[in-house]
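So the sequences go chain by chain: A and B. Quick note: the first sequence uses UniProt numbering, first residue 1, plus one each step. Quick note: the second sequence uses UniProt numbering, first residue 1, plus one each step.
A few of these clues could be false.
Stated by the list, open to error - The calculated DSS-like cross-link candidates involving lysine-lysine, where the alpha carbons are at most 25 Å apart (straight line), are:
| hint | chain 1 | residue 1 | chain 2 | residue 2 |
| --- | --- | --- | --- | --- |
| 1 | B | Lys286 | A | Lys51 |
| 2 | B | Lys18 | B | Lys369 |
| 3 | A | Lys51 | B | Lys74 |
| 4 | B | Lys121 | B | Lys18 |
| 5 | B | Lys93 | B | Lys82 |
| 6 | B | Lys93 | B | Lys109 |
| 7 | B | Lys267 | B | Lys286 |
| 8 | B | Lys18 | B | Lys89 |
| 9 | A | Lys51 | B | Lys121 |
The set of hints was computed from the structure by calculation and includes no laboratory data.
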Amino acid sequence: MSRVSVPCHVKGTVALQVGDVRTSHGRPGVLVIDVTFPSVAPFELQEITFKNYYTAFLSIRVRQHTSMHTPAKWVTCLRDHCLMPNPHSEEGAQDYVSLFKHQSPSMTFPKWLSHPVPCEQPVPLLEGLPDPSRVSSEVQQMWALTEMIRASHTSARIGRFDVDGCYDLNLLSYT
Amino acid sequence: MSQEESDISLIIAQIVQKLKGSNLYAQLERQAWASLQRPEIKLESLKEDIKEFFKISGLFPLPSHPAAPPEHLKEPLVYMRKAQGSWEKRILKSLNSMCTELSIPLARKRPVGEQKELLNKWNEMGTDEPDLSLFRPVYAPKDFLEVLINLRNPNYENGDSLSFRTHLGLIQVPLKVKDIPELKECFIELGLNTGQLGIDDSTQVPPELFENEHVRIGQKVLAEQDSAAAQQYVRQGSPTALRAELWALILNISSQPEDILYYEQLKTNVIQHDLLVDSLIYKDVKLTASNDDYYFVFEDYLYQVLLCFSRDTSVLSHFAYNSASPPKSYIRGKLGLEEYAVFYPPNGKSNVIASSIAPLCFLYHEPSKLYQIFREMYVRFFFRLHSISSHPSGIVSLCLLFETLLQTYLPQLFYHLREIGAQPLRISFKWMVRAFSGYLATDQLLLLWDRILGYNSLEILAVLAAAVFAFRAVNLMEVTSLAAAEAVLADLSTLKVMPLLQIFLFATVT
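Kindly produce the complete structure, drawing on both the sequences and the hints.
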């Protein structure tokens, strides 16, 4: 499934602040960025990618058009998503972030993953064989993986640092 | 496959490629086959289950974001990258001016006669006494400290005047460092209820209580060649007799014939080409060896390892995760032509402190094995002490961790030392930047480095530095000058590191 980036217009930040911006001294802690999608047909948003710069928490609200007759509503997709675990330190401050459509809450994962067991005698698979088409697609993907490994040759272990046997250097370069 | 999946697949393929042929790979393969036999594992959902587990468990750092450029992987914070770039430029200028002042080329091919001569005295380069008076080190540790002190985050609201938000120490960047409760959790095996080598193997303690069993476990770990178990094991210290093998196991070093061949090839490179940095290496080794009663016997080894290291292009790969970049040059007469661009020195490192090799000479006597161990320790740990980055084991974080620990848990001492103009970091910096090599007694140093390997982190260096100050706090409170403070802390050779660490972390009332 191919993904296409949607052209969008990102407006400048607006500070949310009570009172007059000029007279009050406090620095606003909340900024709003409007993102519009001019002249684009309705689409299904899968992923939002951005580079953070010292934002600690992010909320995303979306105005959805449901049908021709009902007015568009604002829906909160994400509330206070934490980008910086400690806002007073650098962790996460300049990271690249992707938010996906399905930011599902933590799901339970199969027991065997959380309790890996040491080697035991192999147990014969008794009931229920897996779906052959799924297995074959998985096996195909693993095959593609091994091909990729074989294709990338081991680079020559002993690397040459000279050019045709010559390593006469004058000065270091500043670029 | 979606874009995300093919990115992950490529990374997995690369990791598998790197692991191939190693012991670890065989162990993983065996475990994987055994696990697959289990009935509760569904082959069709295997991939999704594992991906989900990785995300949720937080055990493994996720592959980096696909939009992140390579420099982001080296160092995510732009202002740190810039500072590292400026620092590197200074070093380049220093090297270039040394070249022009002394009229010595950066690199030249040795004439055949000279090559033969060097080959003959390869094992006794220490007997040479060349005139190195005109060579100065590329930089002094205190120059580097000044750069770290001047680091500023442009987004950090600090105000020009001293306020409660200003850091009282020298480091002014707001990196996240652990406090004692977090350190206790992290270094849990150093706790009072766990046996330690360096404490519970002292002569007064009967060996049946801890030491004998610990040695037995160590032998078992070696017999099974279990690298992960070895790493866990050395957190409680490694018995002297087993240490060399355990460290090799943890670092995944096994001396194959091709490794010995590789080392011989590096030696050939040293013989063929003479580099300006060789003189700097000579000078550093002479200084390290002559200053220390224990290290002088290894002088010849130090030359061999460092000279070979500087020719080793495989070291270049660590620059992917090092905030530093290798210096570049062009073949004489081909300035600006990319096909004649080379790195200088070939491994990209214009400074290596000989002191980080010397302790390893006690463990490894075969030059190619010593070389491999040193190289791996360098690209895993020690490079972080020489470049500016936000990594938790980077020198900036270590300095901040040290200052924060001291300030939080010994506030009176910290305040007093500041008042007399003896900022604690000015004294402890040189210990941390050399991982305490040359300051502690060798057996103590090796016990400390056991924990660096065991915990895969250099944070223990900052904790030890703070613990040393805590230990000598009474004397330090009485001094009235920086010189006097330095005198109190000049000799660390009698210190026992494990009791100091244990008391500081687990037995100090906070």
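* To do: Tell me, in ascending order, the numbers of any earlier hints that this structure violates.
  => 1, 4, 8 and 9
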